[in-house]
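Chains as they are written, first to last, in the numbering used here: chain G, 1 to 502; chain E, 503 to 643; chain X, 644 to 746.
Read the hints as simulated data drawn from the structure, not as lab findings.
Each statement offered as a hint is correct.
25 Å max Cα-Cα, derived BS3-like pairs, lysine-lysine: (1) G/K101 / G/K155; (2) G/K101 / G/K379; (3) G/K38 / E/K615; (4) G/K369 / G/K40; (5) G/K101 / E/K615; (6) E/K615 / G/K37; (7) G/K369 / G/K443; (8) G/K155 / G/K40; (9) G/K379 / G/K443; (10) G/K62 / G/K17; (11) G/K369 / G/K101; (12) E/K638 / E/K540; (13) G/K155 / X/K733; (14) G/K155 / E/K615; (15) G/K369 / G/K155; (16) E/K615 / G/K40; (17) G/K443 / G/K459; (18) G/K37 / G/K101.
Note that the coordinates shown come from a computational prediction; the quantities given were computed from them, not determined experimentally.
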Amino acid sequence: MIDQFIIELQKSISLFKPEATLAVTFVVALIADLIFKKSKNISGYISLIGFIVTFYFLFWQKGQNYGTFTQMLSVDPFALFFKFLILLTSFFIILMSFFSKELYINNRSLGEYFSLIAGMTFGMFLLVGANNLIMIYLAIETMSISSYILAGYTKEIHRASEASLKYVIFGAVSSGLMIYGISILFGLTGTLNLFEINNFIANNNVNIYALFFSVFLILAGIGYKISAVPFHFWTPDVYEGAPITITALLSVASKAAGFAVLIRFVKAAFIDNTQLDSEGIWILISNIDWRFIIAVLSVLSMTLGNLVALWQTNLKRLLAYSSIAHAGYMLMGVAVMTDAGVTAVMIYFASYLFMNLGAFFVVTLLANKIGSEDIDDYKGIGYRAPILGVCMVVFLLSLTGLPPTFGFIGKWMVFSAVLESNFIWLAVIGVLNSVVSLFYYVKIFRNMYVRGVEENENKENYQFHPIAIIVLLLLAIPTILFCLYPGPIANWAAASVGIFLG
Amino acid sequence: MLSDFGIVLLFLITGFVFVALGLITAAIIRPHNPNPVKQSTYECGEELISGSPWIKFNIRFYVVALIFLLFDVEIVFLLPWAVVFQQLGWFAFIEMAVFVLILLAGLAYVWAKGDIEWEKPKPYIPSLKDLVVERKQHFAE
Amino acid sequence: MFQSVSLEYFLILAAVLFSIGSIGVLTRRNAIIIFMSIELMLNSVNLTLVSFASFLGDSAGMIFVFFVMAVAASEAAVGLAIVLALFRQKQTVNVDEVNIMKW
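So that you can see chain G by itself, here it is in the shape it has in the complex (with noise of 0.2 Å):
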């Protein structure tokens, strides 16, 4: 007894190797940003190394599938597919975060800064694996509080400070109704455990109307993470405000931790693994349809998203709420509760990963030399910043979702797998809704290329780092083959939709 136990516990501490690796380059980070005063970047290099050592590890959880630690943890493929997305994108804020001046300003130190994006990062490998409440709640709040701080780093810039009180006190609401939600849940099965959970839920007549105030409450707080509407209001402000790397941090990475989680939670509490229906639907075993009620927080997320983006003039806020729209589209794949579904998702999170990076990282270069993220502002810059100009085509080519880009890949697999589970109103709304998204993303293609051409025309180009150059095109050019060549992924999502279960 005592024996297999050690036994489990050494196979779980083995596998725990990427996560302690990335614990142990946030207090290195911190440490070496105190001993080397000089150097600011230094535990920006240091977490750099520590991500690179981490990405090693990774490899190594190849095909695993294991409930390490008593089924705290869970690492199986589809942790380890967000793991790898989640590790990327902190990877590139860190690169980013070299070339933003709005950060360096003040003679600011940025030891905290990047020990804390490794901190979040720690945080969100927990939440992707996370098979228990507590291990979810336990998550959630290292990667929130890890942004919250991180959303006001640039604390005397008064948009900053704002957005992360606003960011603190919705997140603080949030997650209190969530766990009480959790606690609820606990009361009525007793256990704490996802797959015990399920099995207690099965097996026993539970009161529904107590079930599905718990797991709405549950909902929220995991709606709050992948701003779904309606528990979105924080997104644009807090996008606005934050600088605009770890804008671009909250809104491909703690996204992709937010939706791992939701997929996890829904299928190992609430779907009898046994069986599937004939058209291949995961069945419910209780009687809530939750899938409705995702496909109406969908509907509600793409629409709202995309019709308020319309009117937007600051270019980080529009990302905003576009981002918004786009965790509508990607719940329409977790609504259908598919195994096609699923892996529509994490397809379009890949897609998504280097179209808004990208996107991103633009508005960053561009802020630098012109100081604004006003659409306005961007009048010509096209032909000034002619690399930059093309990048930009081609984020919001696939940020639409049009034919020759990664997000086009994304959005038809989301809609393939909608329509093969017989959602065609949900389908159509989809469709409707990238019509709409089409205005907007046009809108800053106009101001760039077609308006204030002349007021430019004499001025001389501006000159960016050639190294931002090169992390630029490592967004863009994938952005393109992974259109032409969708295979591998394509591949390796559908592999990896597996997850422990008990």
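With chain G's structure known, arrange chains E and X on it following the hints.
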């Protein structure tokens, strides 16, 4: 026997009686002899001369409170550990030592960053002239 | 000790506390009081967890309470630090005056 609610009720009654007893006794014993000075508001010893009493506290108090808050919660974890310490032995001791060490590292970090240095406020030393002016204004009102 | 007080009373008390906390968050305008209300919400959750744990005889709920307390403290610390940063700029803790970004 009393139920648990009975005990709560007993506490409530005792609380009410305790307060009421004091007030009633005082009302019976005390002499009733009011004058304007006695009826004026008691404001920390003396009447307000000028300015608002709602001054801003030194912002450093909040920073110290924040740091205290973090170490305060340590006790929550130490208490149950202390209760079962006898049964767990050295392993538990080492575990808790690691935990406390992590928190101490946090304290060291705060110290090295200079966040527990007491930022001395510049004291406001009123000159005699200011005081005289204030007094005059006060009496003029 | 609490055998004679049934579970429902604890749950109702917790629900009332939670409602008071959430109403406080929605109606109060002072950031510090908002954080106090959030603490009230979290403490009502703790009460729910502890009473369920003692009712079910499962200590997992009590362990959860420790984590909730630790997280609540760190959340409050970060929240207060952010309020401080804002206070240094605007000399106010009123959330209605924190409104440069709208729609």
